[in-house]
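Participant: Starting from the given sequences, assemble the full structure and let the hints guide the process.
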Amino acid sequence: MDVRPTPFDHPDAVKLNDEVQLEYAERYGDVTGDETPLDPAMFAPPRGLYLIAYDDGGRPTATGGWRAQEENAEGYENGDAELKRMYVIPEARGLGLARRLLTALESDARAAGRTRMVLETGDQQPEAIALYTSTGYLPAQRKFGHYREYDSSRCFIKPLN
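Those letters in the sequence shown? Residues 590 to 750, by the numbering used here.
The hints are simulated quantities; they were obtained by calculation from the structure and are not laboratory data. Don't take every hint at face value.
Pairs of lysine to any residue residues, derived as SDA-like cross-links and limited to a Cα-Cα distance of at most 25 Å, are as follows [said to hold, decoys possible]:
1) Lys747 to Arg636
2) Lys604 to Leu684
3) Lys747 to Arg688
4) Lys604 to His735
5) Lys604 to Arg682
6) Lys747 to Thr704
7) Lys604 to Leu627
8) Lys747 to Glu659
9) Lys747 to Asp712
10) Lys732 to Gly711
11) Lys747 to Pro728
12) Lys747 to Gly683
13) Lys732 to Arg743
14) Lys747 to Pro634
15) Lys747 to Gly711
16) Lys747 to Gln730
17) Lys604 to Tyr736
18) Lys732 to Gly622
19) Lys747 to Tyr736
20) Lys732 to Glu615
21) Lys747 to Gly702
Using C-beta positions, here's what the derived DEER-type ranges look like [claimed, not checked]:
22) Gly683 to Asp591: 12 to 20 Å
23) Gly647 to Tyr739: 33 to 41 Å
24) Ala700 to Asp607: 25 to 33 Å
25) Arg616 to Pro728: 17 to 25 Å
26) Leu727 to Glu663: 16 to 24 Å
27) Pro679 to Ala700: 27 to 35 Å
28) Asp619 to Pro715: 17 to 25 Å
29) Thr704 to Arg616: 25 to 33 Å
30) Lys604 to Ala662: 31 to 39 Å
31) Thr704 to Asp619: 30 to 38 Å
32) Gly702 to Lys604: 30 to 38 Å
33) His735 to Asp607: 15 to 23 Å
Think of the CB as a built atom: it goes at the ideal place given N, C-alpha and C, for glycine as much as any other residue.
Facilitator: This is the structure we're talking about:
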């Protein structure tokens, strides 16, 4: 696999984001997917990073990114790096791509001076929860992010120091 930093508005990123939105809509029984406001500039280094993994044929197969967060009304703290849009296409699941992207994103956020990685996922994504808990993420004491008021929201944190 070839993992490349890629702008969030790159056509391959848009394609995979559209696919993950369809999966969110299916899993949660809605038509909109994740409505968290995201701007490509949020993933621009040094305050973020967006990665795409490509297979040997050049097909985009997995994505993930982080964006800097500071203390705000959505429950974040100074120094947070928020994990966003982790996704692996169905045909490439089980190959360790999400774990590889997660490791790279954590390393980059650490190098950028971020002190902890935070994420919000949902109770209909057991594979994601299993990945995060198996890599050292702990349930957060309080919720944060766009969906913090939803009962289905699950938040996790991992110190980066």
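Participant: Could you check the structure against the hints above and give me the numbers of any it violates, in ascending order?
Facilitator: No numbers; nothing is violated.
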